[in-house]
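Undergrad: Taking the hints into account, I'd like the entire structure generated from these sequences.
Count along the sequence shown from 1, add 361, and you get the number used in my numbering.
Because the hints were derived from the structure by calculation, they are not lab data. Just to be clear, a hint being listed does not mean it is correct.
Unchecked claim - Cross-link-like lysine-lysine pairs, in silico, DSSO-like; alpha carbons within 30 Å at most: (1) LYS532 - LYS415; (2) LYS459 - LYS532; (3) LYS653 - LYS532; (4) LYS415 - LYS653; (5) LYS684 - LYS415.
Since this is a predicted model, take the numbers as computed values, not measurements.
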Amino acid sequence: MRLLLKTVLCVASLLIAAAVIFLSAGVISDFRPDECEIVYENPQASDVFPDSLKVVTWNIGYGGLGDDMDFFYDGGTRMRCSEERTRENLAGIIDELKSMDADIYLLQEVDECSRRTYRINELELLREAFPGYHLYFAYNYKSFFVPIPLREPLGKVASGVAILSRYLPEKVERLAYPSRFPFPVSMFNLKRCLLSAEYRLADGSRLVVGNTHDTAYDTGNMRAQETDFLARWADSLVLAGVKVLVGGDWNQYPPGYFPSGDETDNPYFAVEPLDMSGLIVSGRVEYDAGEKTLRYLDRPYSGGSILSVTDYFFISEGMETTKAEVCGNDGFRHSDHKPVAIGVFL
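TA: Listed below in structure tokens is the structure:
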């Protein structure tokens, strides 16, 4: 009995010590971005814009969420696909991006040496594939170790949003959203942001292009906080005479779109309506009304998959655009999202 008691106490002590070490490491490595961080700034070196441009937004699903995948957060069972399929997805994504020939790409879920993507540096892949473009990046998910799912932990994650631009901006900023996850989820450093690039137009005016990836797993009004922050930011720029374009994965459906019950009642992930009360003050939303842009990840892609619309653009007053159109990734082959393109006349 005494030996059993010693064994139990020893095991309990080891578990407590492991928990303390893990919590301490989480605190020490905590990702603490400032509210505003300058990613790049050089007002003297900016390019002058043409009078029109093509912009594409695409959540590339870090190359790990092709049509063969389900995902444990969304009611599936898998944490990652094979390395071979990940590399195939990334190659397909890059080929499709090249074929779009956009002036600016707004990419979400770009990994930098994460375990889930076999420590492939996707930023370097993009730099090599687009030598004539400028690449800017900001983390919104940076954790030294995510311990779930317990049977196969997600491990190290370093991921964020990227802007690939044919034209050199004057300034690029990472603007932290005010939304925060509660403890213990906060330990995993999911800290969303808006990545914005400011350009000088030919007439001397300014254009700011933003890349957003709003919260998917909302624990209480987080998406609304992010939309409110973006609306106030955009309104302040428009009042100052700046043109604004924001694209991304909003994880909310746009005005005029009517979701099915399957989209809104899913217990793992459910889209919500985009709150336009603030955004409508300074602009409008443009999306492809004829195409779904997101598939739910409770199962691999099939004819029975739940689909929705979460990828689109916000355009400030005074800018003419073409129709927003889905422009690739047929059958959700390489990602759980489809890219959306829009033409902008300046």
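Undergrad: Compare the distance between the alpha carbons of LYS415 and LYS653 with 30 Å, and conclude whether the hinted pair is satisfied.
TA: Satisfied, since the Cα-Cα distance of roughly 21 Å is no more than 30 Å.
Undergrad: Quickly compare the C-alpha distance for LYS459 and LYS532 to 30 Å and report which way the hint goes.
TA: 25 Å, holds
Undergrad: LYS684 and LYS415 were given as a pair; does the straight-line alpha-carbon distance stay at or below 30 Å?
TA: 11 Å, holds
Undergrad: Going straight from one Cα to the other, do LYS653 and LYS532 come out at no more than 30 Å?
TA: Not OK: LYS653 and LYS532 at ~33 Å, beyond 30 Å, violated.
Undergrad: Starting from LYS532, check that the Cα of LYS415 is at most 30 Å away, please.
TA: At roughly 20 Å apart (the allowed maximum being 30 Å), LYS415 and LYS532 satisfy the hint.
In the structure shown, a violation is registered for the earlier hint numbered 3 alone.
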